[in-house]
Amino acid sequence: MTGIVKQFPGVRALDGVDLTVRAGEVHCLLGQNGAGKSTLIKVLAGAHQPDEGEIRWQGEVTTLPTPVAALRMGVATMYQELDLIPGLSVADNIFLGHERAKYGFTRDRQARKEATALLKRLGHPEIPPDREVGDLSAAGQQLVSMARALAHDAKLIVMDEPTAALAADEVNNLFRVVADLTAEGVAVVYISHRLEEIREIGHRVTVIKDGKTVARDLTADTPTSELVALMSGKRVETVYPVREESTVDESKEVLKVEKLGRDNEFADVNFTVHAGEILGIAGLVGAGRSEILETIFGARKADQGTVSVNGKQLRNGDVRSAVDAGVGLAPEERKSQALLMDMTVAQNVTLASMRSYSSFGFTDRAKELKDSRAKLEDLDLRPSDPRRNISTLSGGNQQKAVVARWLVHGCRVLLLDEPTRGVDVGARAELYRLIRELAADGVALVLVSSEMPEVLGLADRVLVVRDGRVIHEAPADELTEADVLDMVMEGSAA
Amino acid sequence: MPETPAPRANRGFSIDFRLASLFGVLVLLVIIGTITSDNFFTGSNLDTVLRLAAPSGVVAVGMTFVIIAAGIDLSVGSVIGLASVWMTTLATQSYGLVVMVICGLAVGLGAGLINGILVAYGRMVAFIATLAMYISAKGLAEFLSNKQTQVVRDQDFLAFFQGSFLGVPALVWILAIVVAAGWVLLNRTTFGRRTFAIGGNPEATRLAGINVKRHTAMVYGIAGLTAGLAAVMLVARTTAGSSTHGQFYELDAIAAVVIGGTVLTGGRGTMVGTLIGVLIFTVISNIFTQNNLSTDIQNISKGVIIVIAVLLQFRSSRARSNT
Amino acid sequence: MPETPAPRANRGFSIDFRLASLFGVLVLLVIIGTITSDNFFTGSNLDTVLRLAAPSGVVAVGMTFVIIAAGIDLSVGSVIGLASVWMTTLATQSYGLVVMVICGLAVGLGAGLINGILVAYGRMVAFIATLAMYISAKGLAEFLSNKQTQVVRDQDFLAFFQGSFLGVPALVWILAIVVAAGWVLLNRTTFGRRTFAIGGNPEATRLAGINVKRHTAMVYGIAGLTAGLAAVMLVARTTAGSSTHGQFYELDAIAAVVIGGTVLTGGRGTMVGTLIGVLIFTVISNIFTQNNLSTDIQNISKGVIIVIAVLLQFRSSRARSNT
Amino acid sequence: TSNEPPASASNNNAGANVAGGQGENAQPGKMVTIGFSAPAADHGWIAAITKNAKAQVEKFKADVTLKATEGTNDSSQQIAQVETLINQKVDVLVILPMDGKQLTVVGQRAMDAGIPVINLDRIFDTPLAYRTWIGGDNYRMGVNAGTYIAAEMKKKNIANPIIGEVAGIDSLPLTQDRSRGFKDALAKAGFRVGPRVAAEFTVETGERQTANLLQAAPKLDALWNHDDDQGIGVMAAINTANRKEFLMVGGAGSKNMIDKIKADTDVIKATVLYSPSMSSSAIALARLLGQAKGMGDLAEHEIPASITTYSAVVTKENADQYADVAFDS
Ligand SMILES: Nc1ncnc2c1ncn2[C@@H]1O[C@H](COP(=O)(O)OP(=O)(O)OP(=O)(O)O)[C@@H](O)[C@H]1O
Ligand SMILES: Nc1ncnc2c1ncn2[C@@H]1O[C@H](COP(=O)(O)OP(=O)(O)OP(=O)(O)O)[C@@H](O)[C@H]1O
Ligand SMILES: [Mg+2]
Ligand SMILES: [Mg+2]
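Chains as they are written, first to last, in my numbering: chain A, 1 to 494; chain B, 495 to 817; chain C, 818 to 1140; chain D, 1141 to 1469.
Worth double-checking, as some hints may not be accurate.
[To be verified] Incomplete in silico selection of chain B near chain D, CB under 8 Å: (1) Ala-514; (2) Asn-786; (3) Thr-789.
No wet-lab data here; the hints were simulated from the structure. Using N, Cα and C, we set each Cβ at its ideal position, and we do this for glycine too.
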């Protein structure tokens, strides 16, 4: 691909990008949030039509007017936004568009068999092929997406942040499959914000910034600092946070969770969080961490136990009571659980605190704009114009806006569920700094993340969760990544 | 909630449970009918109920496809009127049975495809595009018929469609065949699978290499075709074509489909539920008449029954998504 | 690219562009009316158009809220009938003007709240819940009125609502006030913001600590209230209450709202667009009347005009999402 | 008024019957613009009303022009249409209101503006709102149907007959009046109305409701159907159910039904007229009003204030006599 330009109204998403991929290699595409990676691969998949530029396939110039054209040519794509149909079964999703059928009649048994084979190849023979995809966890869905790409017998597979929703062991499975594919001569375009993954499987790296290629044909062992500098134009020393002085105020117990449980999800969860403390919750995908957070927040009704904030018990299953008590939640699924895509950034930011922006029911729009602009500048959200539509922001910036919502509200407890999912290195570092600052301001934080170094580097204390039970609790500096991994996998609590 | 732990078995159970409770409502109505009126549970009354249900049922089958594909078709009622008028003009009738039927089906299909093209290629909101078709088709039907009822002179036509095979009226056979064909098309073919996919997530379906626009146009074509067939059936039942045929069929069909468990936002639905939904509405009307209730009382109770039926039905699925 | 241009301005521009082109359609219609008929652009005819638009316009304001909150209300038409009947019973009329108006508004509000409660707390699909209300309210209206037209004897009532202030008919004042109030409520208050939020993403709104259920119930209450007010206006206009009042007002209102640019899936919409939508439909009818067109031709052309208006309007926004 | 059957019935408005105009009145006079407003012609009878009016204007084209607004079942819309006609300053208005009570106010407004109003059929609330009313008598239509049926039952010596009724749109006052007349007439004979359903003046609802009614009543002695338009559906349902044991009476008097009555092969034995020819008469009256003429045969100088057409009972015996007023449903 050479000189690709793609314009959206008001945005020049691609501004002359070049990308060359050779057979049998894993080509990594790096760039900040909003650099244009997803747009580029959508052009490659026939989903977007480029305004300028040329695509060559095996030496010949081609055009890709539709997704079918790309699929026929041999390009299969795993999109970043999950591109599955929640109401259809796993097998139906895998073979959508090239159904196993005879004379138009579907051959479901054959489809199920082949689906099982594909899932087995991905190390997940236990996922039933006739289960509805909407019932699977995000990780399960990611696997289906992957199986679908494999089902196409493609010569080039594009993976847009495939590991964003995966835990460590799943990532290893994926890498094994990628290695198999490249060994067969299939080329892979790989997009991820986790640089260590690129080191592990990447062969060559292309870096794009602001819709332009800024570096190509780098080797996978290019030093992190150099990559980050290329991506962001500035230096970031380390990707993950390093431990800092604790800001815990032991005297102030802010959040207290007692004997909390929900049937079939988790049971007997007890912990307290002090002012200025960051409590990390580690565990595998599916361990029930999101459920715990959502139950504390009142978004789910607890079957047992209580939650209190500053000694006052929250009403069970009532988000309002939690919000009033100063609890905020940045949920796991930004798009479906937190963002109002049709609204401006300011409107998203003030959603939870409309009462303080209204007099007699009328919104004070000037104050709304002023306050959200101030917060956005605090958080270094870019672009910081609060009147922009939030759908035009990159993922990392959207995440900041969600955090800003609770800061504007003045929350004392902030629950963060996978706050850095899909967020680029530069923005991550800023989020880490932000989380620290919040703690320093006396906010009690609970942090759920699938990335161990993140939990260990940020949290003061860590809970390890497995199968809905807390199996271990310890100060973060007494734990190593290996310990925690052992615990979550084997359940051999120390 | 993003990741509710509801294993497939459980969800399958919940769909079956809904269908079963819907079926329960139908059985309950039949029991009420039998108790309140001696003439309810007789062969000829059941014949009548089924014959009345037949055209609505056929329309509801087409509507099921449209709604599963996350669309809506408000035009079916007046397309029925248009097709019935077109197929019974003196000119058409002069060619006899076969041409009449083909004409009815073709008019329905044509109107449906126009809807589909406006929605899929013209990117019009389905509600508005089919509302426009509703108004225009009604006008055209009145224009063609000169606002008169056109009586069918072709005796073959009447003999064929008013007759019975094996003791079952022709109209009921047609209903049975259409529902069966609709079920197979929806659940056992690539076409049906893609219809679900489009309703569930059109963008993802497009990215999977499916021609979403063409498929959408075809789905509306199917709805139009069933409207055309319903017109043929109504002409047979009433021995006449008229621009007033099919009034309110769109609302009845949509209500039956939705009561039957198909979701208006698309991506999910069952053909069996639609059939039960249609039968429930027909049986309710029949019971009212059997008991000589006045229209006002009929209407009040009908609304209340719908609410109760739906609330009963959702009781099960509610527990599931309870937060 | 991330920093540079401002898509917000762009989006604003595109909404404005749609409104402008919609307004263009209205102006075009007015020009056509003026050319084809000498009596079109006269004060008394414009009065007639506006007075006719007034009740539909009021209903459409309530419908705008419901649709922005991703709901639908099919019941408004028959709620109008019910409210008109209730407020004109002899018993109610004996208490005079104020009680009559309060009664009409209260019936509308009550019916709307029942809709809202069924949808929000009973978790019924809005389409079905309001369809049930549609049927029941119609039955109740017929029952209360004994299917008779109830003439208004209260002269104060007629004098007030048929009168004019500053040369503008009372009904037009009411329309203007309701549209203005609706605009403020939608765009300048917390209530409006929350309505948009619920329509855009109910789950996210719930997780922001907003009582989505109560708010939804209130939105349907507003729609019911506007239906009640429209009933008062229709009673003033026709000097009578009747169960046939308000027929098809739900379809007209939905069509006007959607033509006006409010999205049926919720989260997006404008009050000004709704007003223009209502005016477009009223002006079309008036032009037809002025030119003595027969109903069949009227209907055929109305459908075609809707299609053209929508296609014109979307031409701009299409380029935007074109991929 | 008199009807002038064959000659005018053969013009391009086949089936429409027009009034003659006699003596001096037949001569063209001063130009008159007549405004005409009726409900939506979604039904044979009302379509015939509009058609007859147009046919009548055709007959008087030398001195009459018509501004016909056709079309709506929404009273407030019809009010607006009449207002439009008033604004257009027509000479005379002919109004068939969707609902007389609701259109009264605008009728009165027209009269106040100096435009004489011919109120066609559904009557306004006050005589102040019209110059002349001409219309049928729904109550008497029911009475005549009931009386005919009662007589037939007596003739057949049926002591406790089961008498069914297929009404039209139940929420319209005219349906109420018809049903009331029917009930009263039967009561006078000591009978009562048995199973009753209401259709919606359409063929399809006629068929549907009758099919249900026939199941609810395994045996019937008589059946009155309010409206011959829906009658096609009613007959279809009866034939499908293969029922012959009762006699049926229709309403309004469509050509179709009168032919069937004459042929005497179906259950229908009679129909009570409610003829749309009244609209031809209304146009004729409007013209005379506009030209300030009286009615030729009457001694009055003025057009009378009220004319009620008669709901004759058409049977096999007198069917030929009424063939010309029959309308195409
Ligand atoms: N359909 C669209 N309409 C308008 N703008 C768009 C559209 N899709 C993408 N953009 C804009 O194009 C730019 C590039 O987006 P893209 O999704 O390609 O970034 P990315 O590199 O994949 O970021 P991330 O790492 O967050 O996934 C962004 O500014 C984005 O807002
Ligand atoms: N790989 C999988 N395959 C099938 N089902 C799964 C899988 N992972 C999780 N689930 C189901 O999802 C449920 C909830 O898991 P969920 O992902 O919410 O937990 P979590 O600990 O919050 O994970 P995350 O790390 O994504 O936040 C589990 O109880 C399990 O039934
Ligand atoms: Mg991306
Ligand atoms: Mg989770």
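Do the hints match the structure? See the list:
no., hint, result
1, Ala-514, "violated, 28 Å"
2, Asn-786, "holds, 5 Å"
3, Thr-789, "holds, 4 Å"
This entry does not satisfy hint 1, going by the numbered hints stated previously; all others are met.
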